[in-house]
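In order, the protein sequences belong to chains A and B.
Counting in my numbering, the first sequence tops out at residue 403, every number present.
Counting in my numbering, the second sequence tops out at residue 444, every number present.
Just so you know, these hints were derived from the structure itself, not from any lab.
Misleading hints may appear alongside valid ones.
Below 25 Å or equal to it, Euclidean Cα-Cα: the simulated SDA-like pairs (lysine to any residue) are [stated by the list, open to error]:
id : chain 1 : residue 1 : chain 2 : residue 2
1  : B       : K412      : B       : P355
2  : A       : K248      : B       : D58
3  : B       : K381      : B       : G369
4  : B       : K168      : B       : E271
5  : B       : K250      : A       : K248
6  : A       : K248      : B       : K321
7  : B       : K321      : B       : G266
8  : B       : K250      : B       : H232
9  : A       : K267      : B       : G266
10 : A       : K366      : B       : P39
11 : A       : K366      : B       : T304
12 : A       : K366      : B       : G25
13 : A       : K366      : B       : G42
14 : A       : K272      : B       : L68
15 : A       : K248      : A       : P237
16 : B       : K250      : A       : K228
17 : A       : K267      : B       : G42
18 : A       : K366      : B       : V31
19 : B       : K250      : A       : V240
20 : A       : K248      : B       : F54
21 : A       : K248      : B       : G67
22 : A       : K272      : B       : A62
23 : A       : K267      : B       : G67
24 : A       : K248      : B       : V55
25 : A       : K228      : A       : A276
26 : A       : K366      : B       : A43
27 : B       : K431      : B       : N337
28 : A       : K228      : A       : R241
29 : A       : K366      : B       : V45
30 : A       : K248      : B       : A63
31 : B       : K356      : B       : K381
32 : A       : K248      : B       : G72
33 : A       : K248      : B       : F66
34 : A       : K248      : B       : F56
35 : A       : K267      : B       : A59
36 : B       : K253      : A       : K272
37 : A       : K248      : B       : N234
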Amino acid sequence: MNHDAYDDNYIRGILNSVKSIAMVGASPVNVRPSYFAFKYLAQRGYDMIPVNPGHVGKSLLGKPFVASLADIGHPVDMIDIFRNSSHIMPVVDEALTLSPPPKVIWMQLGARDDAAAEKAEAAGLKVVMNRCPKIEYGRLSSEISWMGVNSRTLSSKRAPIPTQGMRLSLNRMSVGGGATAASDRAAKNKSEPT
Amino acid sequence: MTDRLPGFSTLAVHAGAQPDPTTGARVTPIYQTTSFVFNDADHAASLFGLQAFGNIYTRIGNPTTAVLEERIAALEGGTAALAVASGHAAQVVVLQQLLMPGDEFIAARKLYGGSINQFTHAFKSFGWNVAWADPDDIASFERAVTPRTKAIFIESIANPAGSITDIEPIAEVARKAGVPLIVDNTLATPYLIRPIDHGADIVVHSLTKFLGGHGNSLGGIIVDGGTFDWSKDNKYPMLSEPRPEYHGIRIQETFGNFAFAIACRVLGLRDLGPALSPFNAFMILTGIETLPLRMQKHCENAKAVAEFLAGHSAVASVNYAGLASDKYNKLARKYAPKGAGAVFTFSLRGGYDAGVNLVSNLKLFSHLANVGDTRSLVIHPASTTHSQLDDAAKVRSGAAPDVVRLSIGIEDKEDLIADLEQALGA
Ligand SMILES: Cc1ncc(COP(=O)(O)O)c(C=O)c1O
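Make a model of the complete structure from these sequences and hints.
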């Protein structure tokens, strides 16, 4: 699996199929990227679970924090890891002890651990690294276009006006899966992101 | 199934636009409104805190303008774009993200005269110091690099002479210096040259020219290539450090490979204020739909006119990179194989007076200070756009006293040649 650039259909498949997402490293501080992503994904109808041992007893947008993946107590579809590259492996190890294991390991923008990815893939999980699920959802739905961002998708269909909790169609025509983008080439040439 | 990738002309018509969610209107509506209602207090707070996608106030973003931004980002192969009121505004907003007072940037000497003025005088008063380099001498860029250098700025096809800049080795100088390369791609448009594919990190345009294409609307745009790592060293605090304006958000950490476009929007446009009118965005968008067709015709006509002038006895020389004999023809074939653009200069044997005479004798060409219109245009740079430069600087930037600049339109080329012929003979 090439983790420098993802085909849109791969990301689309993941975002269309998962329903519950445990976010490891979720922050209650409302200027942190994890807070942004948590809030957005909840708005788009995902069942979000904040995982952060430092905040047990509090809740994030009405969802109680749990200390670890084991404490969730029910199966989750995806683990979204908001930790530095050096803290990924223990989370993946823990995820693989869950029964049933999650279907997807997603490492946040800037985070990448190829060994951890290989281990998860060997166990049959899908892996995304160095991407933000909020940005990818916004891009494939074109909601991110409000900010002048290149969604790299086209559609001649009329889109609904999004409301709270509404899932959006990600089924637009892709203009380039990513392999052609200069930004992906640059990311590949860059030293390991941290 | 892998998606097939649509071509440039398809993107020029479709990218960024889809039927209006409320009415189904197929053409992008002109959202001529200053402001947008919030759903509730939380929605408002999410928008102001940059947590949600959506509209607040047209100085920060507008749905008509957003379509224009995404379309040009797609055509340039960038990650995002920000439209502003003019090409000059784009340059200010870009450099405001990169330079602090006392910092420097390197600029190619061959630039639009207005940019030379902006860099030399207006920017100096902000404490941004320009160091000039010669685009025909790559080593002059290397020599200009200092520890305070924050960016390199060039034009892909340089105004006024239509010379082609060797982008790749200059991008390499920028990469080695750890600074972004900014390319003004106004005269080429992404149809002829896509600077990001050649190593540029940021592209700016005056939309006023070929992109809008009809001489009816001012506009400018900044395209983020998504290629530069702003947090590598501490050189670009606007992008890498917590921003007090947004309660400590770090722009690159939050927005990844389109962080530069976001910084330009929320730190530049929001606070400096040069917003594009939604009406202008609409006019420019409509123009872009025919960009490929127009550029083909502009280039075809320009080549025919340049060939005619090159064979005329009153003409001393023609600078058009599309001519096989031209100094820049090799670079044109490399960077702009579809055509060398439609702005070029020529000089008259009769010098300054012959130039003034020619301009007054033309009947179809319009004498005015713009380029990139459907109409053919003519100007005498030494007495107009470049008049504030001293004589030596005029010559260095390609605007010597005997030089006339043309911007060739999309009329019938026979009529353009006939007009020049009668004016040269008169
Ligand atoms: C190459 C180039 N860059 C920038 C500009 C400035 O653009 P505007 O007039 O839209 O501010 C011009 C205008 O002539 C130009 O030709």
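Checked hints:
no.	hint	in the structure
1	K412/B to P355/B	violated, 29 Å
2	K248/A to D58/B	holds, 15 Å
3	K381/B to G369/B	holds, 21 Å
4	K168/B to E271/B	holds, 20 Å
5	K250/B to K248/A	violated, 29 Å
6	K248/A to K321/B	violated, 56 Å
7	K321/B to G266/B	violated, 54 Å
8	K250/B to H232/B	violated, 42 Å
9	K267/A to G266/B	holds, 22 Å
10	K366/A to P39/B	holds, 9 Å
11	K366/A to T304/B	holds, 20 Å
12	K366/A to G25/B	holds, 20 Å
13	K366/A to G42/B	holds, 9 Å
14	K272/A to L68/B	holds, 22 Å
15	K248/A to P237/A	holds, 10 Å
16	K250/B to K228/A	violated, 36 Å
17	K267/A to G42/B	violated, 44 Å
18	K366/A to V31/B	holds, 15 Å
19	K250/B to V240/A	holds, 22 Å
20	K248/A to F54/B	holds, 22 Å
21	K248/A to G67/B	holds, 12 Å
22	K272/A to A62/B	holds, 22 Å
23	K267/A to G67/B	holds, 22 Å
24	K248/A to V55/B	holds, 21 Å
25	K228/A to A276/A	holds, 21 Å
26	K366/A to A43/B	holds, 11 Å
27	K431/B to N337/B	holds, 18 Å
28	K228/A to R241/A	holds, 23 Å
29	K366/A to V45/B	holds, 12 Å
30	K248/A to A63/B	holds, 12 Å
31	K356/B to K381/B	violated, 30 Å
32	K248/A to G72/B	holds, 15 Å
33	K248/A to F66/B	holds, 14 Å
34	K248/A to F56/B	holds, 17 Å
35	K267/A to A59/B	holds, 23 Å
36	K253/B to K272/A	violated, 39 Å
37	K248/A to N234/B	violated, 43 Å
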